[in-house]
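> Letter by letter, the chains look like this.
Protein chains: 8
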Amino acid sequence: MDTQEILMQFKNGEMSLEEAEAYLKRQPFEDMGYAKLDSHRKLRSGFAEVIFCSGKADAHLKEIFRHLYEEEGEVLGTRASLSQYELIKKEFPQVQYDEISHILKIEKEGKKRIGRIAVCTAGTADIPVAEEAAQTAEYFGSNVDRIYDVGVSGIHRLMSRLDVIQSANCVVAVAGMEGALASVIGGLVSNPVLAVPTSVGYGANMHGLSALLTMINSCANGIAVLNIDNGYGAGYMATQINRLAVRQGDGV
Amino acid sequence: MDTQEILMQFKNGEMSLEEAEAYLKRQPFEDMGYAKLDSHRKLRSGFAEVIFCSGKADAHLKEIFRHLYEEEGEVLGTRASLSQYELIKKEFPQVQYDEISHILKIEKEGKKRIGRIAVCTAGTADIPVAEEAAQTAEYFGSNVDRIYDVGVSGIHRLMSRLDVIQSANCVVAVAGMEGALASVIGGLVSNPVLAVPTSVGYGANMHGLSALLTMINSCANGIAVLNIDNGYGAGYMATQINRLAVRQGDGV
Amino acid sequence: MDTQEILMQFKNGEMSLEEAEAYLKRQPFEDMGYAKLDSHRKLRSGFAEVIFCSGKADAHLKEIFRHLYEEEGEVLGTRASLSQYELIKKEFPQVQYDEISHILKIEKEGKKRIGRIAVCTAGTADIPVAEEAAQTAEYFGSNVDRIYDVGVSGIHRLMSRLDVIQSANCVVAVAGMEGALASVIGGLVSNPVLAVPTSVGYGANMHGLSALLTMINSCANGIAVLNIDNGYGAGYMATQINRLAVRQGDGV
Amino acid sequence: MDTQEILMQFKNGEMSLEEAEAYLKRQPFEDMGYAKLDSHRKLRSGFAEVIFCSGKADAHLKEIFRHLYEEEGEVLGTRASLSQYELIKKEFPQVQYDEISHILKIEKEGKKRIGRIAVCTAGTADIPVAEEAAQTAEYFGSNVDRIYDVGVSGIHRLMSRLDVIQSANCVVAVAGMEGALASVIGGLVSNPVLAVPTSVGYGANMHGLSALLTMINSCANGIAVLNIDNGYGAGYMATQINRLAVRQGDGV
Amino acid sequence: MDTQEILMQFKNGEMSLEEAEAYLKRQPFEDMGYAKLDSHRKLRSGFAEVIFCSGKADAHLKEIFRHLYEEEGEVLGTRASLSQYELIKKEFPQVQYDEISHILKIEKEGKKRIGRIAVCTAGTADIPVAEEAAQTAEYFGSNVDRIYDVGVSGIHRLMSRLDVIQSANCVVAVAGMEGALASVIGGLVSNPVLAVPTSVGYGANMHGLSALLTMINSCANGIAVLNIDNGYGAGYMATQINRLAVRQGDGV
Amino acid sequence: MDTQEILMQFKNGEMSLEEAEAYLKRQPFEDMGYAKLDSHRKLRSGFAEVIFCSGKADAHLKEIFRHLYEEEGEVLGTRASLSQYELIKKEFPQVQYDEISHILKIEKEGKKRIGRIAVCTAGTADIPVAEEAAQTAEYFGSNVDRIYDVGVSGIHRLMSRLDVIQSANCVVAVAGMEGALASVIGGLVSNPVLAVPTSVGYGANMHGLSALLTMINSCANGIAVLNIDNGYGAGYMATQINRLAVRQGDGV
Amino acid sequence: MDTQEILMQFKNGEMSLEEAEAYLKRQPFEDMGYAKLDSHRKLRSGFAEVIFCSGKADAHLKEIFRHLYEEEGEVLGTRASLSQYELIKKEFPQVQYDEISHILKIEKEGKKRIGRIAVCTAGTADIPVAEEAAQTAEYFGSNVDRIYDVGVSGIHRLMSRLDVIQSANCVVAVAGMEGALASVIGGLVSNPVLAVPTSVGYGANMHGLSALLTMINSCANGIAVLNIDNGYGAGYMATQINRLAVRQGDGV
Amino acid sequence: MDTQEILMQFKNGEMSLEEAEAYLKRQPFEDMGYAKLDSHRKLRSGFAEVIFCSGKADAHLKEIFRHLYEEEGEVLGTRASLSQYELIKKEFPQVQYDEISHILKIEKEGKKRIGRIAVCTAGTADIPVAEEAAQTAEYFGSNVDRIYDVGVSGIHRLMSRLDVIQSANCVVAVAGMEGALASVIGGLVSNPVLAVPTSVGYGANMHGLSALLTMINSCANGIAVLNIDNGYGAGYMATQINRLAVRQGDGV
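Protein sequences appear in the order of chains A, B, C, D, E, F, G and H. When we follow the working numbering, the leftmost residue of the first sequence carries the number 1, and every step to the right adds one. When we follow the working numbering, the leftmost residue of the second sequence carries the number 253, and every step to the right adds one. When we follow the working numbering, the leftmost residue of the third sequence carries the number 505, and every step to the right adds one. When we follow the working numbering, the leftmost residue of the fourth sequence carries the number 757, and every step to the right adds one. When we follow the working numbering, the leftmost residue of the fifth sequence carries the number 1009, and every step to the right adds one. When we follow the working numbering, the leftmost residue of the sixth sequence carries the number 1261, and every step to the right adds one. When we follow the working numbering, the leftmost residue of the seventh sequence carries the number 1513, and every step to the right adds one. When we follow the working numbering, the leftmost residue of the eighth sequence carries the number 1765, and every step to the right adds one.
Everything hinted at is true.
Here are the in silico distance ranges between beta carbons for each label pair:
id, chain 1, residue 1, chain 2, residue 2, range
1, H, 1858, C, 558, 47 to 57 Å
2, E, 1091, C, 603, 15 to 25 Å
3, C, 590, B, 310, 29 to 39 Å
4, H, 1909, B, 311, 19 to 29 Å
5, E, 1172, H, 1854, 37 to 47 Å
6, A, 99, G, 1593, 14 to 24 Å
7, C, 603, B, 310, 34 to 44 Å
8, D, 761, E, 1021, 17 to 27 Å
The hints are simulated quantities; they were obtained by calculation from the structure and are not laboratory data. A virtual CB, placed ideally from N, CA and C, is assigned to each residue, including glycine.
If we strip away everything but chain A, and leave its shape as in the complex, we get (with noise of 0.2 Å):
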């Protein structure tokens, strides 16, 4: 119904003077058809639905996984446990669980990957958080390199892998304690720089607080920030810029 319908129906009788106040005052929404948005986005997006396993019920989780399995043939699953693996696997046996990144997933065989990510850390103790973005942007379809433990207390590692982060289109800098790493290379490169802090350390770190604000405050041009221990947001956004970037190209 159109605006003229309702008042028409409504100095008619047809239509009570509630139901003609409640209509008018939706209209500025229901005029945007959103029903249609979502679909669409996926479409053009690439991204299919990712399960934060986290907390899930076991119940709720075989349900998600085996929605989303049915619908695209294969599913990701982030932060979960190794129980929720073995429930998993119960119902489908090829499901592959990664102990360092809690990434539980089926990944189709043979899917192209394109570009080049370099996924970075200070410390060892960051690698897991690595390990998720790296394993998120190559389920996403994107190339990785992973340089890890290049942390600024002992720079000359980190240069001697300067080549190959100069050449990716997008820098993952994972990093805890101080949070340096993201600096230091925001000032080495040209490509984005997504900074993902980790709670790694212990005392003042504030479980993270302390990375992250100076990943935020970083002197750097070219730097932005995630959440403490987001490594798939990184793996995410990172896929975006790397899909912009070979787009029109060759695929590098």
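Knowing the structure of chain A, use the given hints to seat chains B, C, D, E, F, G and H on it.
Positioned in the frame of chain A, the structure of chains B, C, D, E, F, G and H alone reads:
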């Protein structure tokens, strides 16, 4: 001049071997005593150095401005005061100053712009930060669409501009107070969103920390966060992403 | 005019179909370039748009004020400075300004008020915030009882006004320092309490955060909290509750 | 004894100086007859006492539960553990326990519910808090519509349920992570919104403080905030508002 | 007049029954419209009301000052500005102002002081807060020993005055920066220590929060803490303790 | 034995010069290797040393307990676990343990108590902290009145016990959540109030910091604050004040 | 390749534009020969690498331990658990484990120690952190004096050991709760003090942040601060200072 | 008097019980002769007292300045304003003032400097704090190398000065914003690094707290942290270390 230009001029015989070598081997920063201008930056990143004017002594500002102007033929200064504008205007009458964004610049004419970035604000009070982002991106060669005052308390305003936002290579979402704009946009677009919290608000906004935390904890994918009021950083990084998107394409 | 009025005028023949349609279909916001006035707000919520004056440029303030005045025949501005008052007075000599609440307004005469809201303060220094709440509520059509300087350090002052507080449809409790007033009132009344922390105090009050935390952690039921110094928000929401209470009643 | 009697007894030596002083110092409070307040309030408000089970010793819990049951014929307990349920079940086999909301209750049959409250959540992980709110409101006699998993990262989900949300007398918006749901709803409805931040999330969510700050700083009108995870408090206050709305009406 | 005085005057016939009753039954606060002076306070606590001058409007300050002067024949105002002093001096030429403590007062002559309080500071910058404490205590009738600039970085200064500190009925320890003075004194005396953090310092002192935390976490026994810069509160409470100590004794 | 007793026994010939000197010159602490017991403490302060049991190694706890018992004939331990109680009971079968307050003690019989302290709590969950305060005060010789569960959400409960609270030499106010109890009591009594925030609550109570801030910012006079959950410290300091009050009086 | 070669190869077509650009962009870093830095530093400083055991996977820990043992003939591991000790003991039966400091090590016999460091603690609960500092310093070749349980609440304990503290080349002050020990020592010695806050305490100690802030704000000169519980870092840096002090001296 | 004398005088009635008790309670401290500590320390450490000018009253500043000048023949004042300089210049025309560091001083001519300290800054805005450190160190007799504007966003600038930094006995690393400079330097040198966070930056730098946290959490060894903007403290402590390093050497 960036590295490609030097190489091509040399190849084309417009530059001698000595000149090319001199350019390239030039000490990677020029020591002005109190400051070390990073003259290799453009070679390394494709972005010339920019002046953060706030708090610079008059003598230093003039000297750095002149130096960069001689180097590049154009200069971008951020967070400049009116009196700094008047100071520079004495020597460079062609300098332009924008009281909203506090940007002070001399820009080469006829620069070509590529791609497309969308800069959105939640309210009118966020516009100064948004303009810093937009004008920075334009200076570095990006086309910019401005979509202001589309905060989530009247979400139809945002929806009515959705087509423009969705077609940008990168969206900059600028918001103070509760900062929810970034999450809503993040759920509506497929390209990366750079979220800039502003210090707009009062009370428990804690000078922008509240908006920063909102954005860092966003439940939407494809969002990364810059420092409070850091419009410049967002314009810079959005340009990095925009350049990647059009590098081998047709400039949109 | 709100939706009901438009519908009724149309039904009664005081408004043509075209006029009614124009009102209702009007673009849900008016684009003033720098701002998008939410002209559908009153249709949607029954509350006309209000101007948050603080920080508005003179030119913008005048234009928005004039626009809203033409639309509604009355305007409410909060956090206005004395010089903003003088600016508006040049064009609208009938404008009123209250130096305590910093409210700037033109109000239609003869507006009917309904129901009853109680606005309480702990101390005299909380009165500016309380007046912002009280005058907002009155502008939007609520009767308001003011019960000021009844903080918990002399609780007999509060007790002596208990009957007035208990008979309100909604109580606004405004307090800085330790903010205990809201809890004590919450334990004494049966209707909802809106707690407004203020930045009154010094030292560890952290500009009102301490009072906010007190109120959020209240052990009493029926209390919800607004931002520090947000008298306007409390007056608005108290009116929402008050309207619900008298909608089908006798207006108290 | 009134003041005159005290003075005369003292003058006549029937009362010592200390006794007279003690009597007179207490006067401003004893004149008010507090002892009647409590039962009066309960009769009027219709909210019986509720048990916050978490941390209660077994012996205490049993005794309080029995006492309230004898008093009211029904009991509501929040934040109960499974073992507390088993404890109570031994004595009251009819007791009901909901593992999602952790509500433990015996409820009278055939209670009439009035009005309508909408309880919304951003994600599925916020449901336990939302259920605490919803079941509390139902226990106290409100009809409740549940609209779950409508967070702002996919705003069409929210839009598709807008009619239900807009027709509620009060909306409870439950969200963790960035907590933007409350602002978006606040911009879409005309009745009050009670915002409940949850501790859902990780990293810089600081156990819910981030969502709390988002909600407190909301740019939308008509929003007030409860403590993190305080579903009970929201259900209680929503019922207060709902009762006001239908008090003299037809119960919707 | 306090309660004892009224009772004795009545018993001795210096006051009629009606007068005594009037004094005692006087409405426990006097409603000045914007403020409710707590006239029962002295009856209740033995301390007359004091004016917190900071932020008071001129008209209000004058009226309250006059009112209290008429009531008590003396007045104590804290945190007064020089211009407030000049305002009051016009009407009360006998008023005294101390630029260090910002105390403004008219004090009855010949008041007897009892007991002994020690007020210590860590540095010279803490003296304004210490003087507020000392002069408040003196106004309320305590003898005060001032021991200033005895901070822990040169602990022999403190030791050389130990006899005075140990013989006080209550010690007020005033310190900014790291605030360690309170702990050291707490380990050396047997009577209570009231610790007053000050906002003295810079950087990570966070306007006194650091000193407050130091004092709250003190490893010494017999220490309790007041708000940052709250000299008045310390002088008041030290007097309460001092009065208890000499109530039935010989006044030291 | 305290200093007075030693002096008098020496004067009366019950102790030789050598013995008296030995007592008094005894090294002011006894070095147990890992700990230095402060054996001069009782001489200095009149309070024997107390054991903070939490976290002590079994061997250390036993040794310190035995040592203090030999010295004083009685011992007070706070924050003891059940297993620490069982450890000590093997050697000292007469030891007493209270599961509520976690106090472990052997107390001399027939100790005289003086004066009167009131210990109040806002809720029942604050009782463990209150009992630590109360039992500490009793151990050190104070009479204690317990007034529990009188929080401000039902203020008549507090009012009904006002006479007991007003007649105490010192009031200990124990409260978690919003901690408003201290302010209300502070406005009702004339003697000092020691406020003890507790970690009771959830969400934005930040483990007691919220209650601490409430109490530090109290608008009432005569309140000072101890660390979160520090019942022992409050019992100690209340005893200091109580002793001062009755030192030269009749013991009430 | 140097710049000339790159330019000529490009001109001659032996190198593509992309290759030439890539080479030139890396130049400013490759010129510096970082690869040699690491071993050079180790030779000069004499600090071998140390294992932070906490959180290391068993396989990693064993491998690293073995590697370092083969390299150096001795190994120092910090924050080792009992089970990690048992793991290593299987392969290296000579490994030593200290349950207090959680240090796991194989140390060469007959190592000479130089200079003198004093490690002080406020309480006995700070000893684990102090021992980590002391044993680290000893491992790296410093003599260490332990002065434990000398907190400021009984300052005579500290004074009695002053000679030892004053004669050290560097003092490590380890304290939790209010952390005042560092300031007092700082005022008593002429050599540098390294302050280590510990997480010892409860309530508002905020897991050591309170002590950290105290130490950072110290009013004494010659104090610098390490992370909470970072005994290892203090032992390391104290050794750096100690080595400087005795480098050309006689080893004290 | 020793203990025996006190006891005997008391027994003989030459001393009252109170006097004897007072003497004996003070004993543990008076035995230590603190009065000599101060001058002893000064003789040994060679650090004269320094004036923290900020906030000093004019009369006090002049008096202290004169006093120290008479004592030492030279004076160092930090954080002096221009007007304080003008004040002192009237009496001491030879006084020197540096507008960058805000240091006000009269320094003896021909003072010999020893050793070598490196003072580094991340940016030019950090220079005022660095100069406070450098000039303090020079005043106290250290040679200082200044290496400014070598922040991590262009790390080649730092590398080009590495030899100077590595040869210093102590490095002072001064940085605001994200403060990563300290970590990078810490990884490159073998001597101690004193890290000074500055308040340079904006937004989430929280006036320097962010840089402080970065430095406290540094993953590099050999770093300790001073208060925000505390250049003086760093210059002082660097001199302590420098003196230790050259004490028995040849002064480098």
